[in-house]
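Visitor: Order-wise, the sequence lines are chains A and B.
Using our numbering, you'd call the opening residue of the first sequence number 1 and step up by one each time.
Using our numbering, you'd call the opening residue of the second sequence number 412 and step up by one each time.
Think of the hints as simulated: they come from the structure by calculation, not from any bench.
A portion of the hints provided could be inaccurate.
Sample of chain A residues facing chain B (criterion: CB under 10 Å; computed from the structure) [as the list claims (entries may be wrong)]:
id	residue
1	L18
2	V31
3	G36
4	F265
Ideal placement from N, C-alpha and C gives every residue a C-beta, glycine not left out.
2 protein chains.
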Amino acid sequence: MTDLTRAYAETLDAADPLAAFRDRFVLDPTVTYLDGNSLGRLPASTAERLRRAVEEEWGAGLIRSWADWMSLSAEVGDLIGTGILGARPGEVIVSDSTTVNLYKLAAAALDARPGRRVVVIDDDNFPTDLYVFQGLAAQRGLELRIVHTDLDAGLDPGALRAAVDTDVALVSLSHVAYRSGALVDMAAITRIAHDAGALTLWDLSHAAGSVPVPLSAAGADLAVGCTYKYLNGGPGAPAFLYVRSELQAALRQPIWGWFGQADQFTMGARYDPVPGIERFTVGTPSVLATYAVAEGARIVAEAGIGRLRAKGMALTSYLIELADAVLAPLGFSVASPRDAERRGAHVSLHHPAAWQVCQALLHRNVVPDFRTPDRLRLGPAPLYTRFTEVWEGVDRMRAIVAAGEHERYPA
Amino acid sequence: MTDLTRAYAETLDAADPLAAFRDRFVLDPTVTYLDGNSLGRLPASTAERLRRAVEEEWGAGLIRSWADWMSLSAEVGDLIGTGILGARPGEVIVSDSTTVNLYKLAAAALDARPGRRVVVIDDDNFPTDLYVFQGLAAQRGLELRIVHTDLDAGLDPGALRAAVDTDVALVSLSHVAYRSGALVDMAAITRIAHDAGALTLWDLSHAAGSVPVPLSAAGADLAVGCTYKYLNGGPGAPAFLYVRSELQAALRQPIWGWFGQADQFTMGARYDPVPGIERFTVGTPSVLATYAVAEGARIVAEAGIGRLRAKGMALTSYLIELADAVLAPLGFSVASPRDAERRGAHVSLHHPAAWQVCQALLHRNVVPDFRTPDRLRLGPAPLYTRFTEVWEGVDRMRAIVAAGEHERYPA
Chain A
1 MTDLTRAYAE TLDAADPLAA FRDRFVLDPT VTYLDGNSLG RLPASTAERL RRAVEEEWGA
61 GLIRSWADWM SLSAEVGDLI GTGILGARPG EVIVSDSTTV NLYKLAAAAL DARPGRRVVV
121 IDDDNFPTDL YVFQGLAAQR GLELRIVHTD LDAGLDPGAL RAAVDTDVAL VSLSHVAYRS
181 GALVDMAAIT RIAHDAGALT LWDLSHAAGS VPVPLSAAGA DLAVGCTYKY LNGGPGAPAF
241 LYVRSELQAA LRQPIWGWFG QADQFTMGAR YDPVPGIERF TVGTPSVLAT YAVAEGARIV
301 AEAGIGRLRA KGMALTSYLI ELADAVLAPL GFSVASPRDA ERRGAHVSLH HPAAWQVCQA
361 LLHRNVVPDF RTPDRLRLGP APLYTRFTEV WEGVDRMRAI VAAGEHERYP A
Chain B
412 MTDLTRAYAE TLDAADPLAA FRDRFVLDPT VTYLDGNSLG RLPASTAERL RRAVEEEWGA
472 GLIRSWADWM SLSAEVGDLI GTGILGARPG EVIVSDSTTV NLYKLAAAAL DARPGRRVVV
532 IDDDNFPTDL YVFQGLAAQR GLELRIVHTD LDAGLDPGAL RAAVDTDVAL VSLSHVAYRS
592 GALVDMAAIT RIAHDAGALT LWDLSHAAGS VPVPLSAAGA DLAVGCTYKY LNGGPGAPAF
652 LYVRSELQAA LRQPIWGWFG QADQFTMGAR YDPVPGIERF TVGTPSVLAT YAVAEGARIV
712 AEAGIGRLRA KGMALTSYLI ELADAVLAPL GFSVASPRDA ERRGAHVSLH HPAAWQVCQA
772 LLHRNVVPDF RTPDRLRLGP APLYTRFTEV WEGVDRMRAI VAAGEHERYP A
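Turn these sequences into a full structure, and let the hints guide you.
Guide: Shown next as structure tokens:
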């Protein structure tokens, strides 16, 4: 039987080996933030790092500072790739948005499998991923083979296996599902794809910084992900992309630009991409935004993905225990895998009035997220979220629904 | 006969109606900056605006601030479109990099002219533009019809006219050439393209904020441009794109993403782009970087493109007069149109040791730019550059070459 008291949450906080990392972030003690998987908190060092970049590097250094800025995207890419994801140096780079990166790598993969015209995705992939593939399918006459995924339980590897044959060029999935938080077995799926001669392209947006991402160990081919969730890079921060070293020279992405060009400032008349990861970049990267990514990612790397994973499992397990005990009688039910090994660091709850409950919580300074059709999504990011915040969030939900307070808000 | 004294430059500064705008920028008085067309200076207000965005909107507001951020790209787009370019509201939006935008709009234009397989460009277009079209040509089996442009004098409209026939889907040129500064007659070229049933796609990177860009008046179809040059948006700042209102609903760009989607947060399963300019955006925009663009662009709009154009012509004419009188005897020659009406706000000079002269100038705190093969490119951005800075730059060049100081630097 779970101890339902706030005091118990306090004992969990007192035993948290990551507790000190909370001080590395800017915090408003009046807000209970359970949406770190939508937008990570502001690191305490970011404002000062940006001020230096703006005033000293841009303002005083002017164009001369490009001597330092040229390598920034690759350096921050390596920080993420080797410090947070299981990639090797030179396999990850910061670039563009997640969607643009997905388009580039998907097109590169399709070009590398010219005889094949099927892409396998699942129907619970993030909408922008679905849209990118719908666009590519329309442009290239591809077949999109869409595996049905249970929105609570996550992908069934058996259903995926049944969809993958030798017509398949590419399998593209989210490592952690955006609604349910269900975690996919990257190694198992990669084996299924590779056995059929297909490539894999992972969306790591909800995985980077929340779970170990075994890119090298699984032999994953390609990946993209965003940096504004668990990596705390700031709103709309530039995304990252990963290409397995062995594939880089053979792959060519479709948007040929001068930041992918060998001897860029020779300004040669013919596109001749560099051999390394930079060939998957395009135009001039946002220096300021990339510095913000570095600040956020550095703290994640320092905390270590092993400890973050352990705390993420503990936080979400605690949340589910409280929800079962306190919220289930009020019409809530768990919309995420119950096995902590099978989910990332966020949990969704069904409630028929989820949208209204969400509005009522915001009014009470608890920040959750709503996801269609009837889900409250709760992302207690392990780097800075206390067990007491989870307790408070659940307690507010209970109080709101018990009092019918949510009914004041439009449905 | 030109007055070659520094005192004369001082009288020009004293009469400059834009002189007060210099105070709106962070300035190091020891640096003579003649590279505002590579990276614009830091506006004095940018650091504080970013601090507010970081600490108040991100740090305190967290995910809730998206209520304000959602419209930011379109708002700053309108500031640029209506305040600086000759576009109408809803025709310009801030998005991605210039290269990614060029790819999106070029692909959209090609899809809109399905029976035609020729793209006309010129060989002095910026390298990343050439690369984008080489990529599209390779992917789609297009013919790239490349008009030869004199690297000093700029595009010959007659040569362009001869290249455009009814096989042409798209004509894509820079409004201001990146090396010579040569200015193209947008209305005349647009007529040539439209007479043949082709669309036009302009690269405004060196034009936005330096010359009037008559998008509506010329009936231009599509354009892209960067914000880190004359718009002072900061290193690698997000770019903008323009699509003529009447074309928007019919055009569809190839990278289908959730920021182009109608009812974005309904997370519908099928891509259904919004009717307006947002359909040409893709993923989550960088909020911080877009705020920096707004700060820089606002000052340009306030100064007014008419006054900026007048001062840009005066600064570059003065530079050419000094170069003819002082630098020509030392082996320099003008590599830009001599008619101020036919160039933008930068001027290039040939010198056989241009690279070495460039290094020597940097050592003496004068910041020019080098462009292949033998050009010093000088961009005295009209918003904040004094005539005395032009005088100083020329005087340093004279002193360096007269003393052979540049020969100490590697060729």
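Visitor: If you take the shortest Cβ to Cβ gap from A:V31 to chain B, is it below 10 Å?
Guide: holds (7 Å)
Visitor: Holds or violated: the hint that A:G36 contacts chain B, with Cβ atoms closer than 10 Å.
Guide: holds (9 Å)
Visitor: Mind checking the CB of A:F265 against every CB in chain B and telling me if the closest is under 10 Å?
Guide: Hint holds; A:F265 Cβ to chain B Cβ min 8 Å, cut 10 Å.
Visitor: At a threshold of 10 Å, is the proposed contact between A:L18 and chain B supported by beta-carbon distances?
Guide: This interface hint is violated because 20 Å lies over the 10 Å limit.
The structure is inconsistent with hint 1 alone, although it conforms to all the rest.
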